[in-house]
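Participant: Sequence:
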Amino acid sequence: MYAEERQQHIVDRARREGRVDVAELSAELAVTGETIRRDLSVLERHGLLRRVHGGAIPVERLGFEPALAARDTLLTAEKDRIAKAALAEVPEEGSIILDAGTTTARLAEILPVDRQLTVLTNALPTALSLATRANINVLFVGGRVRGRTLACVDPWAMEALAQSYVDIAFVATNGLSVQRGLTTPDQAEAAVKKAMIAAARRTVLLADHTKVTTDHLSRFGQLSDIDTFITDTGLDERTAAEIESHGPRVIRA
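Letter 149 of the sequence shown, counting from 1, is numbered 1522 in the numbering used here, and no numbers are missing.
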């Protein structure tokens, strides 16, 4: 097992069980305790786990939200596949919303040059990257910029979305479960995401498999609010079918 695969296994188990133990992981994965401790240090630097005596706990348990730069270095291949699959949902012409997030940002990077699009976004990096594109009209959803995610939130953002109606909203989430729906750590971002869903004819959720079965503080939607959920093949078929039974079509890229 490669280090990245081992570290992903550790994160998945921590999120599923609430914590991981160095000795148990060492025996399960047939590596030394020192190797596991190095893995935990790497994952802590990426903002995914917090070291505790004898092991680690997922940051979600602390109400902690990893910074954008840290999240952008994780599961890059999966996020690229999700973004490419999402291209099939982009209209030939028309208007779309691009939510703030590392996977939605990848979709922004590969938007075709031959489609005339109006793009509403509250993500400062996305607005800047698309602003010079001749075929794209960027409408920046302004407001207070959250330093951790570089997303605009609060009344200005809400007002702009309340006055808008687009063909498709591409939204991101920190957590997704059948029981709790769509969740994110920050209440202000949750309110903006909810407004994005309300401002779109159709909603496409872009999220890698590690977001599934993870719940956060603020709920912004139910699975039935989503038309299509695009994820990666790390999501097993049984869970995908369960999600589909609650509304959205699931695409495993």
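Worth flagging that the hints you see were computed from the coordinates, not collected in a lab. Ideal Cβ placement from N, Cα and C applies to all residues, glycine included. Hints are supplied without guarantee of correctness; some may be wrong.
Label-pair ranges, simulated between beta-carbon atoms [stated by the list, open to error]:
hint	residue 1	residue 2	range
1	Glu-1532	Leu-1402	49 to 57 Å
2	Arg-1574	Gly-1406	47 to 55 Å
3	Asp-1527	Lys-1457	27 to 35 Å
4	Val-1425	Arg-1517	15 to 23 Å
5	Gln-1595	Leu-1460	47 to 55 Å
6	Gln-1489	Glu-1417	42 to 50 Å
7	Leu-1402	Pro-1485	18 to 26 Å
8	Gly-1620	Asn-1508	42 to 50 Å
9	Gly-1427	Thr-1612	36 to 44 Å
10	Arg-1424	Gln-1489	45 to 53 Å
Participant: Work down the list of hints and note, for each, if the structure agrees.
Facilitator: Hints and how they fare:
1. Glu-1532 <-> Leu-1402: 49 to 57 Å: holds, 51 Å
2. Arg-1574 <-> Gly-1406: 47 to 55 Å: With Cβ atoms ~53 Å apart, the hint holds.
3. Asp-1527 <-> Lys-1457: 27 to 35 Å: holds, 33 Å
4. Val-1425 <-> Arg-1517: 15 to 23 Å: violated, 33 Å
5. Gln-1595 <-> Leu-1460: 47 to 55 Å: For Gln-1595 and Leu-1460 the Cβ distance comes to about 26 Å; the hint is violated.
6. Gln-1489 <-> Glu-1417: 42 to 50 Å: holds, 45 Å
7. Leu-1402 <-> Pro-1485: 18 to 26 Å: Since Leu-1402 and Pro-1485 have Cβ atoms about 43 Å apart, the given range 18 to 26 Å is violated.
8. Gly-1620 <-> Asn-1508: 42 to 50 Å: violated, 33 Å
9. Gly-1427 <-> Thr-1612: 36 to 44 Å: violated, 30 Å
10. Arg-1424 <-> Gln-1489: 45 to 53 Å: 50 Å Cβ-Cβ, so the 45 to 53 Å window holds.
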